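Under full-length UniProt numbering, the sequence shown has 217 at position 217, and the numbering climbs by one with no breaks.
Mixed in with the good hints there might be a few duds.
[Claimed, not checked] Computed cross-link-like contacts, BS3-like style, restricted to lysine-lysine with a CA-CA straight-line distance of at most 27 Å:
#  : residue 1 : residue 2
1  : Lys205    : Lys171
2  : Lys268    : Lys169
3  : Lys326    : Lys268
4  : Lys268    : Lys247
5  : Lys142    : Lys431
6  : Lys34     : Lys110
7  : Lys386    : Lys396
8  : Lys42     : Lys110
9  : Lys268    : Lys340
10 : Lys34     : Lys326
11 : Lys173    : Lys207
12 : Lys396    : Lys26
13 : Lys288    : Lys247
14 : Lys232    : Lys110
[Unchecked claim] Derived CB-CB ranges, DEER-like:
#  : residue 1 : residue 2 : range
15 : Pro274    : His246    : 25 to 35 Å
16 : Gly109    : Asn337    : 22 to 32 Å
17 : Arg344    : Gly191    : 27 to 37 Å
18 : His429    : Gly201    : 26 to 36 Å
19 : Glu204    : Glu336    : 25 to 35 Å
20 : Phe93     : Asp128    : 26 to 36 Å
These are computed hints drawn from the structure, not numbers from a lab. Note that the coordinates shown come from a computational prediction; the quantities given were computed from them, not determined experimentally. Every residue gets a Cβ at the ideal spot worked out from N, C-alpha and C, and that includes glycine.
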Amino acid sequence: MQNQLPKRKLSTFIRVYSQMATSNVKQTLGNLNKDSFVSLLKKVIGESKFLQNNPPELIPEEDRVVKHVLDCLLPYSTTTGGGPLVVNHVTYFPGRGNLIVEYPGTEPGKILSFVGMHMDVVTANPNDWDFDPFSLSIDGDKLRGRGTTDCLGHVALVTELMRKLGETKPKLKSTVVAVFIANEENSAITGVGVDALVKDGLLEKLKGGPLFWIDTADKQPCIGTGGMIPWKLHVTGKLFHSGLAHKAINPLELGMDALKEIQLRFYKDFPPHPNEQLYGFATPSTMKPTQWSYPGGGINQIPGECTLSGDVRLTPFYNVKDVMEKLQEYVDDINENIDKLDTRGPVSKYILHDENLRGSLTLTFDEAMSGVACDLDSRGFHVLCKATEEAVGHVKPYSITGSLPLIRELQDEGFDVQTAGYGLMATYHAKNEYCLLSDMCQGYDVFTSIISQLEN
């Protein structure tokens, strides 16, 4: 077989050819079109007043964003005959659509996806801001307005990527899919966004390749997030005059003493996990109060009840259900043995024997979510790290016990979920939100590098 290349020469040829193909894809897709990006971002930020998600008062109208995205992409779609993009507008609730955009590749089953760019925002009070939150303003490199970091900036960024694919039509082995979603910022209403898309099987084929969830910040791979368990501890005592404290059961004192005991048990049962260091979590799991309420009354009146509220932030190496069961066990045990709980001062007590009254605790939970630990051995992770190093100049994956809804469910469904984002953590959900145009340009370069690498 004299015409065969020696194995060493053949492997060198394949490597060089792959590098050329990668370079060609990146060259074709080029850099972010800044003018086009800012123009689109201006339009979607202009809708942000109607995208605030805080039901029942504020229900977002994500189709206001869908319209602008479609205006950009339909000219390059099979819908109009102008290009290869396959566009699917999926709506489960009037005015609250999702958008799936697909650039077809040549190799069946070879796929990558950018998901999680959501078209709703958290609320903003214009009186608290230094500029109008509901219109885009530009201050040098800063692009300012509600949603620039979370997550309308990413909506515009990935739209520009898909537009460039539709316009330049590079020959790719991989199918590239973008999924713009509704209803990420609030879970009071379900069956509207990505949960419904998964349930209907519309994302099933994305399991064939890495899924990049684009809704974090600071340009580095976010490899771990925390679960969240919102809790309420309702404390019942006995109302009485504060000058006769021996005839009262003080629910404020009972709440403080009970919560301290609950926290001590929690930190014993759920200590820092060894994997937290590997993933770079800044904090271990925590359980703490964040709110306190009571019905009101005079300063000379011991109230009859109060409610402490807070959350558990749980690293993904512990199970949310296990923690909820343990917390309920703690409360049940304290109720049963309330006479053994620490008290405060000579007349502070949680049982009035002569009246046959006992203080009591009732624990309830709002909807909990699980954290996620990304697969550090997956192709998706390694590709994202290399792309970040190329575009940003360094790569330093991080983890936080902040929570991202939905992605653990995707991971449990079999998706290779990796997460990244190109806004600023310092302005995430904050007043005076902004992102940097230069960061978004680097984000675009990360996307094109990912697509290029996955061609090999």
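Outcome of the hint check:
no.	hint	in the structure
1	Lys205 - Lys171	20 Å, holds
2	Lys268 - Lys169	57 Å, violated
3	Lys326 - Lys268	11 Å, holds
4	Lys268 - Lys247	35 Å, violated
5	Lys142 - Lys431	14 Å, holds
6	Lys34 - Lys110	30 Å, violated
7	Lys386 - Lys396	11 Å, holds
8	Lys42 - Lys110	35 Å, violated
9	Lys268 - Lys340	19 Å, holds
10	Lys34 - Lys326	52 Å, violated
11	Lys173 - Lys207	16 Å, holds
12	Lys396 - Lys26	23 Å, holds
13	Lys288 - Lys247	30 Å, violated
14	Lys232 - Lys110	47 Å, violated
15	Pro274 - His246: 25 to 35 Å	49 Å, violated
16	Gly109 - Asn337: 22 to 32 Å	59 Å, violated
17	Arg344 - Gly191: 27 to 37 Å	48 Å, violated
18	His429 - Gly201: 26 to 36 Å	32 Å, holds
19	Glu204 - Glu336: 25 to 35 Å	49 Å, violated
20	Phe93 - Asp128: 26 to 36 Å	30 Å, holds
In this structure, the hints that do not hold are numbers 2, 4, 6, 8, 10, 13, 14, 15, 16, 17, 19, in rising order.
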